[in-house]
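Those protein sequence lines, which keep their order, are chains A and B.
If you read the first sequence in the numbering used here, its first letter stands for residue 1, the second for the next number, and so on.
If you read the second sequence in the numbering used here, its first letter stands for residue 436, the second for the next number, and so on.
It is possible that some hints are incorrect.
[What the hints assert, rightly or not] Computed beta-carbon distance windows for the label pairs: (1) B/Q717 x A/M92: 40 to 46 Å; (2) B/F469 x A/Q180: 41 to 47 Å; (3) B/P514 x A/K290: 57 to 63 Å; (4) B/E807 x A/N113: 30 to 36 Å; (5) A/L18 x B/R438: 28 to 34 Å; (6) A/K263 x B/K585: 25 to 31 Å; (7) A/P268 x B/R801: 42 to 48 Å.
[Claimed, not checked] In silico SDA-like pairs for lysine to any residue, Cα to Cα no more than 20 Å straight-line: (8) A/K94 x B/H823; (9) B/K460 x B/M527; (10) B/K609 x A/K308; (11) B/K609 x B/G599; (12) A/K174 x B/L596; (13) B/K585 x A/Y143; (14) B/K609 x A/A211; (15) B/K698 x B/K713; (16) A/K51 x A/T33; (17) B/K529 x A/R366; (18) A/K174 x B/D864; (19) A/K25 x A/H85; (20) A/K174 x B/Q615; (21) B/K585 x A/A131; (22) B/K585 x A/H258; (23) B/K609 x B/I814; (24) B/K585 x A/E2; (25) A/K174 x B/E647; (26) A/K263 x A/L417; (27) B/K713 x B/K750; (28) A/K94 x B/Q615; (29) B/K585 x A/V4; (30) B/K529 x A/E372; (31) B/K585 x B/D574; (32) B/K491 x B/L463; (33) A/K150 x B/E647; (34) A/K308 x A/S418.
[What the hints assert, rightly or not] To spell it out: a stretch of chain A is covered by chain B in this simulated footprint if at least three of its residues, at any positions, have a beta carbon under 8 Å from a beta carbon of chain B; those stretches are: (35) 42–49; (36) 143–154; (37) 199–205; (38) 345–355.
I should point out that these hints are in silico values taken from the structure, not numbers from a laboratory.
In this text, all values refer to a predicted model and were calculated from it rather than measured experimentally.
Ideal placement from N, C-alpha and C gives every residue a C-beta, glycine not left out.
Protein chains: 2
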Amino acid sequence: MERVLARDVNKHLGKKILIEGWLHKKRLLGGLTFIAIRDRSGLIQIVVQDKGEVEKLRGMQVGTVLRVQGIAVEEPRAPGGAEIHDPQLEIMVKVSAEPPIEIDKPLSHRPENLDTLFDQRVIGLRNLDEARIFRIRSDLLRYIREFLYKNDFVEINTPKLVAGAAEGGAEVFKLDYFGQEATLAQSPQLYKQIMVGVFERVFEIAPAFRAELSATTRHVSEVTMLDIEMGFIHGHDEVLNMLQDLLYSVLARVYKEHSDDLKVLNAPELVVTPHFPKYSMQQVHELYQKNTGIDTSSEIDLTPDEEKWICDYAKEHDGCEAVFATGLPESKMKFYHMKGEAGTAMSADLLFRGIELATVPQREHRHENLIEQMKAAGIDPDSPGFSHYITAFKHGLPPHGGCGFGIDRFTEKVLGLSNVKEAILFPRDINRLAP
Amino acid sequence: MERVLARDVNKHLGKKILIEGWLHKKRLLGGLTFIAIRDRSGLIQIVVQDKGEVEKLRGMQVGTVLRVQGIAVEEPRAPGGAEIHDPQLEIMVKVSAEPPIEIDKPLSHRPENLDTLFDQRVIGLRNLDEARIFRIRSDLLRYIREFLYKNDFVEINTPKLVAGAAEGGAEVFKLDYFGQEATLAQSPQLYKQIMVGVFERVFEIAPAFRAELSATTRHVSEVTMLDIEMGFIHGHDEVLNMLQDLLYSVLARVYKEHSDDLKVLNAPELVVTPHFPKYSMQQVHELYQKNTGIDTSSEIDLTPDEEKWICDYAKEHDGCEAVFATGLPESKMKFYHMKGEAGTAMSADLLFRGIELATVPQREHRHENLIEQMKAAGIDPDSPGFSHYITAFKHGLPPHGGCGFGIDRFTEKVLGLSNVKEAILFPRDINRLAP
Numbered sequence: 001m002e003r004v005l006a007r008d009v010n011k012h013l014g015k016k017i018l019i020e021g022w023l024h025k026k027r028l029l030g031g032l033t034f035i036a037i038r039d040r041s042g043l044i045q046i047v048v049q050d051k052g053e054v055e056k057l058r059g060m061q062v063g064t065v066l067r068v069q070g071i072a073v074e075e076p077r078a079p080g081g082a083e084i085h086d087p088q089l090e091i092m093v094k095v096s097a098e099p100p101i102e103i104d105k106p107l108s109h110r111p112e113n114l115d116t117l118f119d120q121r122v123i124g125l126r127n128l129d130e131a132r133i134f135r136i137r138s139d140l141l142r143y144i145r146e147f148l149y150k151n152d153f154v155e156i157n158t159p160k161l162v163a164g165a166a167e168g169g170a171e172v173f174k175l176d177y178f179g180q181e182a183t184l185a186q187s188p189q190l191y192k193q194i195m196v197g198v199f200e201r202v203f204e205i206a207p208a209f210r211a212e213l214s215a216t217t218r219h220v221s222e223v224t225m226l227d228i229e230m231g232f233i234h235g236h237d238e239v240l241n242m243l244q245d246l247l248y249s250v251l252a253r254v255y256k257e258h259s260d261d262l263k264v265l266n267a268p269e270l271v272v273t274p275h276f277p278k279y280s281m282q283q284v285h286e287l288y289q290k291n292t293g294i295d296t297s298s299e300i301d302l303t304p305d306e307e308k309w310i311c312d313y314a315k316e317h318d319g320c321e322a323v324f325a326t327g328l329p330e331s332k333m334k335f336y337h338m339k340g341e342a343g344t345a346m347s348a349d350l351l352f353r354g355i356e357l358a359t360v361p362q363r364e365h366r367h368e369n370l371i372e373q374m375k376a377a378g379i380d381p382d383s384p385g386f387s388h389y390i391t392a393f394k395h396g397l398p399p400h401g402g403c404g405f406g407i408d409r410f411t412e413k414v415l416g417l418s419n420v421k422e423a424i425l426f427p428r429d430i431n432r433l434a435p
Numbered sequence: 436m437e438r439v440l441a442r443d444v445n446k447h448l449g450k451k452i453l454i455e456g457w458l459h460k461k462r463l464l465g466g467l468t469f470i471a472i473r474d475r476s477g478l479i480q481i482v483v484q485d486k487g488e489v490e491k492l493r494g495m496q497v498g499t500v501l502r503v504q505g506i507a508v509e510e511p512r513a514p515g516g517a518e519i520h521d522p523q524l525e526i527m528v529k530v531s532a533e534p535p536i537e538i539d540k541p542l543s544h545r546p547e548n549l550d551t552l553f554d555q556r557v558i559g560l561r562n563l564d565e566a567r568i569f570r571i572r573s574d575l576l577r578y579i580r581e582f583l584y585k586n587d588f589v590e591i592n593t594p595k596l597v598a599g600a601a602e603g604g605a606e607v608f609k610l611d612y613f614g615q616e617a618t619l620a621q622s623p624q625l626y627k628q629i630m631v632g633v634f635e636r637v638f639e640i641a642p643a644f645r646a647e648l649s650a651t652t653r654h655v656s657e658v659t660m661l662d663i664e665m666g667f668i669h670g671h672d673e674v675l676n677m678l679q680d681l682l683y684s685v686l687a688r689v690y691k692e693h694s695d696d697l698k699v700l701n702a703p704e705l706v707v708t709p710h711f712p713k714y715s716m717q718q719v720h721e722l723y724q725k726n727t728g729i730d731t732s733s734e735i736d737l738t739p740d741e742e743k744w745i746c747d748y749a750k751e752h753d754g755c756e757a758v759f760a761t762g763l764p765e766s767k768m769k770f771y772h773m774k775g776e777a778g779t780a781m782s783a784d785l786l787f788r789g790i791e792l793a794t795v796p797q798r799e800h801r802h803e804n805l806i807e808q809m810k811a812a813g814i815d816p817d818s819p820g821f822s823h824y825i826t827a828f829k830h831g832l833p834p835h836g837g838c839g840f841g842i843d844r845f846t847e848k849v850l851g852l853s854n855v856k857e858a859i860l861f862p863r864d865i866n867r868l869a870p
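Use the sequences and the hints to build the structure in full.
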């Protein structure tokens, strides 16, 4: 007999079918024993009456792998509108121990202590709500890629073992590479710009590594990054528009295709317009001061509170909780960004639900200007980590721009989680290298 | 005026259009100057007659980024069936140096010395044939993912910074992780098995790291791996069938959608059937000995020459150049494989065009048996690198199996390249950490 998935039981009403899955829950109700079986498609409820079958359930632990034959019956109150009657239970894999963490509670009942959550992650992920998070994350990746394919982007895989730190400065992991010093790539920045010279439009979704010394809800040492780069742009706006269209299409799609899951997870309502409002840094500072009395005009960046504030403001004022902060100051620039006018960089921050998802600059594509900017940043353009990069510019790169976009943070914000680590299967931070 | 891509020029015949791209080639023919402009869609030929315009081309280097306005004209002999007449050339980005490597030769004319090829990779990739390789690679990834989504697989991202070496034994890169020793993941083996307990069917496409001390055409220290794992299987064959269907669908699709590219690259003709032939290791040894006189019966693995031979044999005998070698000996087993009958493992090698693409085992899913096998392999099940893994089994994992499948090697074999590094944008080996 072929296995039927939990979600398909209602297509077999009145027939004897075979279910396979994990014992997820057992309960007694009005003299009847109900069990819930979990498989990859969800839960199916099984009503056990026969004494011999009830006896099999005695002491049976959650996680036990079962094969159940029984009759599919309509039951509007059961998940999926169907349940199984007159079951015969067969143990496929016996489990002797109680689970180390409850897996039948909604997310709001998760342990307060995230360390407990992550210590017990292996079993905790069997919670249906946890699984929802990562199923949605998988689909976010799919939607992103489908948008990019449609827009002529080519997927690339660039090395994570590199000779130098691409962006200088920030903390990098170092290792011995057959006697040489190698670092783990913090981003594919240099490679994706090189690849603009080949495909114009490229993207990569891959791990990136940062030896973050801070132990906060924001800091992890391994992230999954979407990196995008596009050439032959006719102004910085073209990059912003591409990212805006990507984000809008992915958000609209996930809220459409996962509306039930998002409701169960208490994700916020989506408030976006196809065109995201733009505010210059200076405008944000002014609006913020006018409304809060706090003067932030001397900050080179938006303060965390301003990031939250401007998203709330745009949500109310423009009906869009995604917003671009433009005209970032030159002092925040990296050497490969293009200078803008009057002390600004050709760069904008994309903010969503109170947090920066990506910095979106146009790059400096002119060979000579780039070399000047590298020298000003104290980087030797002829050093082994950069000479190949420079070669791409020497032999012609068109105007281009792009961004790195954190998949973990994006998933966190889509779902309204409180910590980026909750959107990562097995997070890594300064204190955590397992599981 | 909006930019028209090279591939679309033939849709604008008779009209004045704008082209943007790189100067790819210049030549004089019968008193006329022809230039080819490269953009992300391919090449477009431009006929330059006007003396002022011809003058602009003097000394202009390949790689110069150009904006060209001119009339789209039908020309059956030109690539794409069209060319541009009466052009006005405008330099967007000036290039002063000659390219360090010729980019206008077919692949068969690449430098003999692969070191030269990889040293000049940044510019060499602008060769249209090189770009074809990596555009096809991007599409192979897309086809693979689309097949897996259709078959209910969930994409996961597992950590590459791990506490212990997942598979023991083999060479690993080590690094300091805030005072602890971490290793770079050689595979997501343990994590994907854990995730079977959540989603039943999972996959990941991600970098994997191996400190390979050998300097051969096969060995690289960073690879892109497709990892698959599926639960609730009813026998080893179910895993083999899934992989067979995946491979068949991806191969059929790439040969259909990229037939022109594959012809240009001199890729071999595809000879596959929907069902791949299966030969036991013993049968392979016997057939091989019968045909070559060489006795390999004492080998625990197929020899490289046998791998080639059996693929050729199956191609001729079964009309299929993909083949499973089944009944691998128990002595080749890893601790997490399931034992088969009579000294064999429940494991098979998938061979394609003379090389092993993947080892495809059923896993040992029974908690107690697994612990026994770990101990026999000298691994402490309670050690920090393995305790979480064991927890997944303790709380119920169904029968499952899967494989790791090298994307680089697969791309190499699809295209008939001679070295896996040719299928990697920026390969890494014992001697190479740049570009």
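Here is what the structure says about each hint:
no., hint, result
1, B/Q717 x A/M92: 40 to 46 Å, "31 Å, violated"
2, B/F469 x A/Q180: 41 to 47 Å, "46 Å, holds"
3, B/P514 x A/K290: 57 to 63 Å, "59 Å, holds"
4, B/E807 x A/N113: 30 to 36 Å, "35 Å, holds"
5, A/L18 x B/R438: 28 to 34 Å, "58 Å, violated"
6, A/K263 x B/K585: 25 to 31 Å, "26 Å, holds"
7, A/P268 x B/R801: 42 to 48 Å, "44 Å, holds"
8, A/K94 x B/H823, "19 Å, holds"
9, B/K460 x B/M527, "17 Å, holds"
10, B/K609 x A/K308, "40 Å, violated"
11, B/K609 x B/G599, "9 Å, holds"
12, A/K174 x B/L596, "12 Å, holds"
13, B/K585 x A/Y143, "14 Å, holds"
14, B/K609 x A/A211, "15 Å, holds"
15, B/K698 x B/K713, "30 Å, violated"
16, A/K51 x A/T33, "10 Å, holds"
17, B/K529 x A/R366, "9 Å, holds"
18, A/K174 x B/D864, "17 Å, holds"
19, A/K25 x A/H85, "16 Å, holds"
20, A/K174 x B/Q615, "13 Å, holds"
21, B/K585 x A/A131, "19 Å, holds"
22, B/K585 x A/H258, "17 Å, holds"
23, B/K609 x B/I814, "19 Å, holds"
24, B/K585 x A/E2, "19 Å, holds"
25, A/K174 x B/E647, "18 Å, holds"
26, A/K263 x A/L417, "13 Å, holds"
27, B/K713 x B/K750, "12 Å, holds"
28, A/K94 x B/Q615, "36 Å, violated"
29, B/K585 x A/V4, "17 Å, holds"
30, B/K529 x A/E372, "17 Å, holds"
31, B/K585 x B/D574, "16 Å, holds"
32, B/K491 x B/L463, "14 Å, holds"
33, A/K150 x B/E647, "38 Å, violated"
34, A/K308 x A/S418, "14 Å, holds"
35, 42–49, "violated (count 0)"
36, 143–154, "holds (count 4)"
37, 199–205, "holds (count 3)"
38, 345–355, "violated (count 0)"
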